[in-house]
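J.: Protein chains in written order, with our numbering: chain A, 159 to 1091; chain B, 719 to 853.
If you are wondering where the hints come from, they were derived from the structure by calculation, not from laboratory data. Among the hints, a few may not be true.
[As the list claims (entries may be wrong)] In silico SDA-like pairs for lysine to any residue, Cα to Cα no more than 20 Å straight-line: (1) B:Lys-774 to A:Pro-966; (2) B:Lys-774 to A:Pro-174; (3) B:Lys-774 to A:Arg-910; (4) B:Lys-774 to A:Glu-965; (5) B:Lys-774 to A:Gly-1030; (6) A:Lys-996 to A:Ala-986; (7) A:Lys-253 to A:Thr-602; (8) A:Lys-253 to A:Gly-335; (9) A:Lys-253 to A:Pro-174; (10) A:Lys-996 to A:Gln-868; (11) B:Lys-774 to A:Gly-874.
These numbers were taken from a predicted model, which means no experiment stands behind them.
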Amino acid sequence: MLPSLALVAAATIASPFLGRYVGRNSGWILAVPLAAAAGLLVAAAGDGVVETSIDWLPTLGAALSLRLDGLALLFGLLVLGIGAVVLAYSARYLKPRRHGDFFGLMTLFALAMLVLVLSDDVVVLFVAWEATTLCSFFLIGRSATGTREPAVRTLLVTAFGGLALLSAAVVMAVGTGTTRLSEILADDIWATDSTFTTVVAVLLAIAAFTKSAQFPFQSWLPDSMVAITPVSTYLHAAAMVKAGIYLLFRFSPVLGEVPVWQGMLVGAGLITAALGAVGALRRHDLKELLAYSTVSQLGFLVAMIGVGTPDAIEAALVHTLAHALFKSALFMLVGVIDVQAGTRDIRRLGGLRRRMPVTATLTVLAASSMAGIPPLLGFLSKEGLLEAFWDAPGAPWVGPAFAVTIAVLAVMTFGYSARIVLGAFGGPARDDAGAVVPREAPATFWGPVALPALAGVVLGLTPFVLDGLFADAATAAAGVEMDTHLALWHGVNPALVLSVIILVLGIVLVLARARVDRVLQPLDSPISGLAVVDALRGGLIAGGKRIGHLTQTFDPRRHLVMPVVVLVAIAAVVAASGLDLDPRIPGDSTALDWGLLAFVSVGVVCVIVARTRMAAVVTIGVVGFAVTSWFFALGAADVALTQLLVEILTLVVMVLLLRRLPWSFRQRRRGNRIAPGLLAVGAGVATTAAVLAFTGRREMSAAGEYYVTQGPAETGGANVVNTILVDFRALDTLGELTVLGMAGIAIMVLLRSRRALEPREPEPVIDTELPISEPRSNTVFIQTIARFVGPLTVVLSVFALLRGHQEPGGGFIAALIGGAGLALAYLAAPSDEEARLKVPHVVMIAAGIAIAAGAGFLGYAEGSFLAPIHWGYVGPVGITSALVFDIGVYLAVIGVVLVALNYLGSHLLGLPPERIVQDKRMRGRNREEAPRS
Amino acid sequence: MTLALAAGVIVAGAVYLFSRREMMRVILGFVLLSHAVNLMIVAAGGTFNRGEPIGKDLDPSEVADPLPQAFVLTAIVIAFSITIFMLVLAITGRRDDDVTDDPAAAQSTAGPDLPDPRWDPVSRRVITPGEEDDA
Chain A
159 MLPSLALVAA
169 ATIASPFLGR
179 YVGRNSGWIL
189 AVPLAAAAGL
199 LVAAAGDGVV
209 ETSIDWLPTL
219 GAALSLRLDG
229 LALLFGLLVL
239 GIGAVVLAYS
249 ARYLKPRRHG
259 DFFGLMTLFA
269 LAMLVLVLSD
279 DVVVLFVAWE
289 ATTLCSFFLI
299 GRSATGTREP
309 AVRTLLVTAF
319 GGLALLSAAV
329 VMAVGTGTTR
339 LSEILADDIW
349 ATDSTFTTVV
359 AVLLAIAAFT
369 KSAQFPFQSW
379 LPDSMVAITP
389 VSTYLHAAAM
399 VKAGIYLLFR
409 FSPVLGEVPV
419 WQGMLVGAGL
429 ITAALGAVGA
439 LRRHDLKELL
449 AYSTVSQLGF
459 LVAMIGVGTP
469 DAIEAALVHT
479 LAHALFKSAL
489 FMLVGVIDVQ
499 AGTRDIRRLG
509 GLRRRMPVTA
519 TLTVLAASSM
529 AGIPPLLGFL
539 SKEGLLEAFW
549 DAPGAPWVGP
559 AFAVTIAVLA
569 VMTFGYSARI
579 VLGAFGGPAR
589 DDAGAVVPRE
599 APATFWGPVA
609 LPALAGVVLG
619 LTPFVLDGLF
629 ADAATAAAGV
639 EMDTHLALWH
649 GVNPALVLSV
659 IILVLGIVLV
669 LARARVDRVL
679 QPLDSPISGL
689 AVVDALRGGL
699 IAGGKRIGHL
709 TQTFDPRRHL
719 VMPVVVLVAI
729 AAVVAASGLD
739 LDPRIPGDST
749 ALDWGLLAFV
759 SVGVVCVIVA
769 RTRMAAVVTI
779 GVVGFAVTSW
789 FFALGAADVA
799 LTQLLVEILT
809 LVVMVLLLRR
819 LPWSFRQRRR
829 GNRIAPGLLA
839 VGAGVATTAA
849 VLAFTGRREM
859 SAAGEYYVTQ
869 GPAETGGANV
879 VNTILVDFRA
889 LDTLGELTVL
899 GMAGIAIMVL
909 LRSRRALEPR
919 EPEPVIDTEL
929 PISEPRSNTV
939 FIQTIARFVG
949 PLTVVLSVFA
959 LLRGHQEPGG
969 GFIAALIGGA
979 GLALAYLAAP
989 SDEEARLKVP
999 HVVMIAAGIA
1009 IAAGAGFLGY
1019 AEGSFLAPIH
1029 WGYVGPVGIT
1039 SALVFDIGVY
1049 LAVIGVVLVA
1059 LNYLGSHLLG
1069 LPPERIVQDK
1079 RMRGRNREEA
1089 PRS
Chain B
719 MTLALAAGVI
729 VAGAVYLFSR
739 REMMRVILGF
749 VLLSHAVNLM
759 IVAAGGTFNR
769 GEPIGKDLDP
779 SEVADPLPQA
789 FVLTAIVIAF
799 SITIFMLVLA
809 ITGRRDDDVT
819 DDPAAAQSTA
829 GPDLPDPRWD
839 PVSRRVITPG
849 EEDDA
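Take these sequences, add in the hints, and give me the full structure.
T.: Below you can see the structure in the form of structure tokens.
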């Protein structure tokens, strides 16, 4: 079984390249591995049921469990066999050019279907189910123009069913405690818990109905026939819709007796069969006609599975095979007619029997099988259906009533089968002026089609060769040991009588077809299923918009204020209801703390009352430096250093931007300040109360104690905070580093896509006659300082980086020291152009994150991602994977600082390079033209 | 006690700044808010032991809890990058950093609403509306 799956997987991987470089002929090449995989499947199934399991998501308990029983074998053969034929057929149906995506998707579709029928795990089953949904979506959507809407509708309907399947899988996994399908089916919960059984039955039926186009979800299937013929063939005959049928078969042993299951399946099946049959009788487009006939035939199958007796299951299985053969043949033949004659419309076709004799013969064979004419396989399966319905359980009239209903529908089937044959090949030849004269297709084109068409004849005459296959499949799907004996002749029984009546009435219907057309043509369904899907989709989107509009505003203030209001309300409720808390540990404040609190308070008040942006930026520094000092006082030297450096760099960046914004803030009326003021006071009180209530009531946390007592020994680093950052919680740090890098890149992207505000005209504060107004002289002092301090900061930053594991320092602090040095160099430059630091900052960000992640991969040498490794010492410096990690941190942070300085400092903010050159030239010209005073 | 009071004062200031209409003030509100949150995290570790958690043989009853410190350290750096990003948002507005979406209020205090300049990939230059002819 695994070799078979591996072969299809290999074909799937190779197919896009084959399709690209070999073109349409890769259809023939790809048919080989699919056919071979089918052979391998048969060989593997020779020894009875085969099971394999590969661990996949051990934490979920889901494994890639595969199980090959009779049912899986039957469907696997359909998937691979029809798949191979369709691929071979595509080799001539398609135009000669590149077809990488088509072949890639088709083989992927086959692979997904194969996994679906082989899977013995409901999670795998669901994944494969969704994969088929997506494959069909892309295959329909890529086919031609105007296929987007049908593809989207198909996706919506089938994805809805996928959700039902997912729900069923979850209910089953929770109810039985396993995701293994064979164990779920063997569980006795089905007999003991009727709620469980009913819920699962309804969910699975909905899933199967959407996939197999059953009422009320039937409309997507005719809609999706806009796809190209190979896709439609595969969808209708072996893939997509058969997945739903497979699901019903698979769960039939446990749900076959459940009334809601029987009711849903038989009801929906018969309604669908009738809708499909009427639809097929009314269509003129051969392909559309076939699409409706598929709907109808699937209705038969679903109703049959709903009857649920072992004979019914067996009959449904035989009909599944018969349907796959005649439907695939018919679809492909219609494709042949379409290519050769240039149309599929029976009002424009006719008399093709002489021009296309082979196609005509094959079509007659396939359509006869569909119509149920002996001795074809379709006759055999229809006999089986009639017999099983006649013997349906329940009141004595139930069976015959079903059988007669089916017979009526079978007459209609006969009618639309004849429509295909007579419409395309009967009557006089029509040679429209200017139209292409239809000619017989080459053997390479009809050759693949002959296989399923002739198989219907051969298997109809020698049905006993299938006995073994169907006995195994029916045993798996009926849940009881089955011994199948297929034969054309069953003696005279009700089914045979009905068959004869069907043939007679069918012929009558064909003879009266003109009148039937007149009666049926005006019948139009009052509700279009497609319109319902579209209306639901539109309603969903509109509803989402309406909900969004409730809170939608571009004013960030409302978004910011709402959470605060809610938090204050929560705090009030908690405070009112009271809390049971441990006592606070005394001695948490010192005299210095009160002094710092005073600084902080003054700073906050100054920021609020500041009238100019410059004042606000400067006074917020009071808060920042007070907090920095506080960190020092609290024994957090690393934090304090980081805060100090960030404070400096933030100030530099803000000052760079201030010239682009108005000098002063707008004033607002006093009345507008009351509500925000009250909210602010409420938030402040709530914060203080919360901090008092929830902190300072216990000794050091267990985690903290572990880091303090064990950290130095385990990591070889004495600076515990640094060891937490680069050893114990390095994964967190890596994530934060990535956020940092993304922020740097986002800044660049933002400034390239949206131009910054123009700088304000500088107000003349200095006499232009003085040398100080000239930038080069003006910067003499700071340049002199920078010349000495610059190299010093570089040395200092490397020093901080290397000692970080033992003493205050580390990648973040080292990078910020370096960044401060770069800011100094930047401020010292006499002009924007000279200030630009020509370092590849994006590369630095990327390299930093890559090095940090690479340090993590080094950890695999010790067993896991980011596991610490200690290689030894170079002088006093310990060479560890943590140091490599810290170097990554260093590069990324310094890259972000460089982005900030380079992009925000220039007056040419965010302009592309060409524009900068142009701008320079313009400025030079202006200077020359300006009159000298 | 003092940290709780400080956090309360800073949060009050931050929330008040959130209600103002200039992006610059909103950003300063965020800067204040991150100060407050950092103080809260440190407070959560307890402030009665204030020894540096640096050294080989440390006594948990003397040194400060290193875990909140590590959290705060990265939080400061992240807040720095977010602050710069928001500052860039502030200067890529249409007229200034006004965040109101009330057009009437905006119109009364500023000039006409100009469309944004855009990057033209064909001519490989920025097209500023009103100066298309300055090639």
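J.: Against each hint, give a clear statement of whether it holds in the structure.
T.: Hint check:
Of the supplied pair hints, the one linking Lys-774 (chain B) and Pro-966 (chain A) holds, its CA atoms being roughly 14 Å apart against a limit of 20 Å. Taking the CA atoms of Lys-774 (chain B) and Pro-174 (chain A), the gap is about 60 Å. The hint is violated against a cut of 20 Å. Under the criterion of a C-alpha separation no larger than 20 Å, the hint pairing Lys-774 (chain B) with Arg-910 (chain A) is inconsistent with the structure, at around 50 Å. Restraint check for Lys-774 (chain B) and Glu-965 (chain A): satisfied, since their Cα atoms lie roughly 11 Å apart, inside the 20 Å limit.
Of the supplied pair hints, the one linking Lys-774 (chain B) and Gly-1030 (chain A) holds, its CA atoms being roughly 18 Å apart against a limit of 20 Å. With a CA separation close to 16 Å, the supplied pair Lys-996 (chain A) and Ala-986 (chain A) stays within the 20 Å bound. A distance of roughly 14 Å separates the Cα atoms of Lys-253 (chain A) and Thr-602 (chain A); the hinted pair therefore holds under the 20 Å criterion. This hinted pair does not check out: Lys-253 (chain A) and Gly-335 (chain A) have alpha carbons roughly 52 Å apart, beyond 20 Å.
Between Lys-253 (chain A) and Pro-174 (chain A) the CA atoms are separated by roughly 16 Å; this keeps the pair inside 20 Å, and the hint holds. Distance restraint check for Lys-996 (chain A) and Gln-868 (chain A): the Cα-Cα separation of roughly 45 Å exceeds the 20 Å cut-off, and the hinted pair is therefore not satisfied. Taken as a hint, the Lys-774 (chain B) and Gly-874 (chain A) pair is honoured in the structure, with Cα atoms around 9 Å apart against an allowance of 20 Å.
Hint compliance for this structure: hints 2, 3, 8, 10 are broken, all remaining hints hold.
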